[in-house]
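Starting from the structure of chain U, add chain C where the hints point.
If you read the protein sequences in the order shown, they are chains U and C. Per the numbering used here, residue 239 is the first one in the first sequence, and the count goes up by one each step. Per the numbering used here, residue 176 is the first one in the second sequence, and the count goes up by one each step.
Please keep in mind that the hints were generated in silico from the structure rather than gathered at the bench. Where a beta carbon is used, it is the ideal one built from N, C-alpha and C, also for glycine. Watch out, some of these pointers could steer you wrong.
Claimed, not checked - 20 Å max Cα-Cα, derived PhoX-like pairs, lysine-lysine: (1) C:LYS369 / C:LYS679; (2) U:LYS338 / C:LYS369; (3) U:LYS487 / U:LYS517; (4) U:LYS380 / U:LYS390; (5) C:LYS599 / U:LYS338; (6) U:LYS538 / U:LYS641; (7) U:LYS338 / C:LYS673; (8) U:LYS447 / U:LYS380; (9) U:LYS526 / U:LYS390; (10) U:LYS343 / C:LYS679; (11) U:LYS447 / U:LYS390; (12) U:LYS448 / U:LYS538.
Claimed, not checked - Covered by chain C, per the in silico footprint, the following chain U stretches (three or more residues, Cβ under 8 Å): (13) 307 to 315; (14) 319 to 326; (15) 333 to 342; (16) 360 to 372; (17) 453 to 461; (18) 475 to 482; (19) 568 to 580.
Stated by the list, open to error - Covered stretches of chain U, going by a simulated chain C footprint (3 or more residues, C-beta under 8 Å): (20) 422 to 434; (21) 495 to 502.
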Amino acid sequence: MGSVTHCGILELLARTVISNQVGGNMSSKAAASIVGMMAIALYSGMGMAAADPYQLNLPEPQTIIARQIYDQHTMLLWICLAIFIGVFGVMFYSVLKHRKSVGYKAANFHHSTTVEIIWTIIPFFILVGMAFPATKTIIAMKDTSSPDITIKTTGYQWKWGYDYLTGEGEGISFLSNLATPRAQIENASPKEENYLLEVDNPVVVPVGKKVRIIITANDVLHAWWVPALGVKQDAIPGYIRDAWFTIDKPGTYRGQCAELCGKDHGFMPIVVEAVEPEKYTQWVAEQKSKSAAAVVDVSKEFTMDELKAEGEKVYAANCVACHQANGKGIPGTFAALDGSKVATGPKAGHIDIVMNGKTGTAMAAFKHLSDVQIAAVVTYERNAWGNTAGDVVQPSEINELRK
Amino acid sequence: MAAVHDHDVAHAHDHHPSGMMRWMMTTNHKDIGTMYLWFSFIMFLTGGVMALTIRAELFQPGLQIVNPEFFNQLTTMHGLIMIFGAIMPAFVGFANWQIPMMIGAPDMAFARMNNWSFWLLPPAALLLLSSFFVPGGAPAGGWTIYPPLSVQMGMGMDMAIFAIHIMGASSIMGSINIITTILNMRAPGMTLMKMPMFVWTWLITAYLLVLVMPVLAGAVTMLLTDRNFGTNFFNAAGGGDPVMFQHIFWFFGHPEVYIMILPAFGIVSEVIPTFARKPLFGYSSMVYATASIAILSCIVWAHHMFTAGMPVTGQLFFMYATMLIAVPTGVKVFNWTATMWRGSMTFETPMLFAIGFIFLFTLGGFSGVICAVVPIDIQVQDTYYVIAHFHYVLVSGALFGIFSGAYYWLPKWTGHMYDETLGKVHFWLTMIFFNLTFFVQHFLGLAGMPRRIPDYALQFADFNMISSIGAFGFGLSQLLFLYVVLKCIRGGAKAPAKTWEGGKTLEWTLPSPAPYHTFETPPVVR
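Only chain C is shown next, with the shape it has when bound in the complex:
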């Protein structure tokens, strides 16, 4: 990592501390972005090891490797770590690096708060992970931590609740920072409707975060007092309602899904035009579609609860509202396709991941529409079909977006070209093993395999074995990504300022690697 910035440390006028203190004290958006990205990659590997342990247990029927309690801890922690530790911080990392460079700002608006937002995360992650070692172990009630089950857990659950509080505070501060930066620090001439799509999607995402993270904090705080202080928010025997937790949780939880996908939409909307050498088709309809998705995402939460029991009007409303999201999402897919149409395309690794994203995310969208239809959801709710669905949108959606963005901007960040051949190998391995892992899970869910079970009926054995083989291939392929990134940091062909022929946004006017301080004098956008 240090290699990236050695040339900067040498600059006498910077006067920032060196060594460990440099990273602890930094207020530089690029340093902080780098830390976010490494943090998220470490969490990605941590959550990945949990996923592989789960898949190893599910390789065959019968209990072989872990006992059922520990299995539940693994599924719970895999979800929490991947969502709050891997995907969300990765996008904040991209925001830190790219937003100032793409809008022509010298740094983020609140540089010290930016440092604080990041440094809250490692202690929160440690708190969450150390719950494995306390009596009763880590929380085992699923990442949705539904009461009353989550009230039964040991102190590991309280640690998870505090970790969620801290991570939520970090997210809120990060979002306020991003909103302020985008609204106040754009270069002269860059009107809102001239902003790059990535900046737009993050602006909308940041609003969603500010809206829903406090709701999650409220839900887990009520859980905390139910657990420890004798309140009865979710205890029917004391006049509470366990289903109320689900409503509050999903009021956060559904927008959260879009928090994890909108920035990926943004990255893909940068990558596709660059490699098609053609402007993004329907820029303004992209902006409106993103905003509509964000607004709709706040009124569909109860589609996660169709089997919880709801009046018929409730089910109908949430079904219609959910199906409606397919319209703006469809607009985005059509716009990307139209951007590619009659372009002059090349297929470097970022483009491969972007096309892989559109292809597989659309499959996840199809299964999403199928899940939205209440009668069908009654069958597939809480089965492997749902597991397949949300991994198609979160892995081949959010994660592919992250990979696409990482390859796209690595030359700008490091000043070196990454190894294109290895990047392509990484893409194809990821693509193949991802589908091997998750496509068969659609069949498992339809045939009746519930999620979150450590052992299963014999009829599910073969697809589970295929899925486990795919998962190990997928997991190992990600080590190749680590190798490619390290290799790119340490050396490689010199990246030109305008790394990609079709790159139009402001960061490509800066030298590669981007200097420690950029746009101290704002550029003028015409």
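Looking at chain U on its own, in the form it has when it is part of the complex:
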């Protein structure tokens, strides 16, 4: 178990009591005006650290939409609590008093039209009261117009890809993989604080700017979800959806894929880093110079060793989850590459399946990788483990195929 997970039930109870006493220090006007008693919020996780093992409520909201969601949830809890006390107060009074064992004689009434009409109409109006603020929030959530920055995110099995489409940072593009080492997942080394919620390349956005996020998927359904931002949107292959957020203060906000997408669904987190606009400008400049340095002349001829070395890296980042490090796959579920017909046959077929995927199977298209990456990984697969095809795929061949 991790270092934060040692407490028992008693401590849970103690901390719940404490949080009831000191909690609610974040109550906002809207909820306060309706409830007026936020200070003793029934369950408030506010004021606790983000990774609190006994967090009872939604995470601290960081956008206007997330704030509205938080407040509406609090309001609904209070309404439900009031109804709960009303209904079950009556029922448990009845259970205690109207029992045969205390000699209570049964009455014989069996309907009252007036009462029945009253308790049909009152809930209706309570519901209207709940729906009203929700309607306003829904309309606001849908307003993705005039963003400062537009980022496209693509769900892959099992990572996220980001392309900065418009606004400052336009042209930046990267993949974001889980950064937690395999050893921690397999309990071979101690789990660290952000276990399963850390990535190699976070999405960086400036605070105070309206960010529109366009969401799609490459293979199966995924969902892009960052709780603190109040955004959850399914990523659908072949279709585009969008959402927006404006983050109030700098920080690192973590989320996860929220739609079952296959075996590593639990291992494709999302990390959004919100920074001051100046720092954002700096980050953009760094990314641009990095990508300029990374531009490779596709007509360059690579040696087998260069391609294999690069290919092994690409394989570890993209292929290993299914086909496994030893190339044996998982029998019955994911095909083996070691000794497979594709990896030992003509290279055209091999390149085709990597670039275009295979319909009806879990093999997705990997066209989004660069020419060098595709050439490298195919070369690697054909010459790793027991495979000895001996041939080399050059980036120029891939580049040619794209035309």
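Frame of chain U, contents of chain C only:
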């Protein structure tokens, strides 16, 4: 099981086959009801073992017991088995046993079809379960089998699709039988508005089943052809739409939720008046509320898809329609409370489960209203909050209803009283461990734990551990139920015809155990 019917087999005039063939060939509603109930209990234990394996894996962060692929197979199969194997057949079992006895009919309308409806289920269940042993394993795309993920699966998915087809055919035949029986075979004098509530809820449920099971069959058939015959219903690259599957699936899926809860409403509406010794409050408003819930349930399906992306008007319509269901549901809860009010209550096990049902189902209703509100649903969709919500309505709702009904009618079925002390122990253990398992999952969902993940961030560790402990307690407590039932079948105090002082419906005019053939001459209801 045989002990229940030994006295019947001895009747020379019955001339039905004995041994295994008796059960294979039977057209008797009581035999078939018994088989449905045992089948569902076996499926309940099977799905339960899967649930416990899931909870064992989630006991601690990290991967310990199962790998992620198998974990997904378990969550998928747990859902399919519990819904199609445990809950639905259990209610059909109750319908078979009780509806003829409660309306004064000699048997079900289509006795041979009744046999066929049941005997389709075991092969379907075998087909579904054997998918674990084929290459690629069992379906692992969630019980909702959303494409394109479900198109990626191995042949286990095709087996599941065929199993769903067969179970759907069984459900449709069962429903036609129930509708016909109720509409045509009521005793003279029993008008529709004099029928027991359990019969009413089943009549409405059966209509829902006939309406939506073919829709599910259509959805999975399209999936089948997408998988095997190159069609592109749900493949965007071929001009299809993955979201269309969700619309069709949930057009079945949401009424399905009410298919699993309405008969439980019916059972509770029988049990509460009996043990409060007072007639059901607002009988006609109960009937209208049940019908309204059924109708509304057909126009709210897209609330399962708020995060799939929908026009704002779509989200608003489905939110308003969904919230509206709270009105008739509230009426039912108020009516049950008013039935208890100024009654003369005793708290035998069926009553305990019925009160537990109202209490916890209402909590599930509250979280349901919270999930209905689109902005909040955006946060809790596909998290443990939703898991908690639907287990409050399906376990402490549907399952508690089944337990309540089982204890209520066991004396009528077996002729013996069950062990009241053990029954109460079973109730309290179930109640405590259920809440230990599922209440904390609300917190997990709000804090951000997605559903269907085999491993989780450290902040979720403690509540998961509590939930897993609760789940094992809950699972083991159900073995006590098995023991109580077996003990009741084998012996116990002789149950009188009118087992419960407050029992008013027709089955309590029959001797206990109910003879093999009942109401061959219809009773007259005044």
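Structure-based check of each hint:
no.	hint	result
1	C:LYS369 / C:LYS679	12 Å, holds
2	U:LYS338 / C:LYS369	27 Å, violated
3	U:LYS487 / U:LYS517	13 Å, holds
4	U:LYS380 / U:LYS390	17 Å, holds
5	C:LYS599 / U:LYS338	18 Å, holds
6	U:LYS538 / U:LYS641	18 Å, holds
7	U:LYS338 / C:LYS673	18 Å, holds
8	U:LYS447 / U:LYS380	17 Å, holds
9	U:LYS526 / U:LYS390	18 Å, holds
10	U:LYS343 / C:LYS679	18 Å, holds
11	U:LYS447 / U:LYS390	16 Å, holds
12	U:LYS448 / U:LYS538	41 Å, violated
13	307 to 315	holds (count 5)
14	319 to 326	holds (count 4)
15	333 to 342	holds (count 6)
16	360 to 372	holds (count 6)
17	453 to 461	holds (count 4)
18	475 to 482	holds (count 4)
19	568 to 580	holds (count 4)
20	422 to 434	holds (count 9)
21	495 to 502	holds (count 8)
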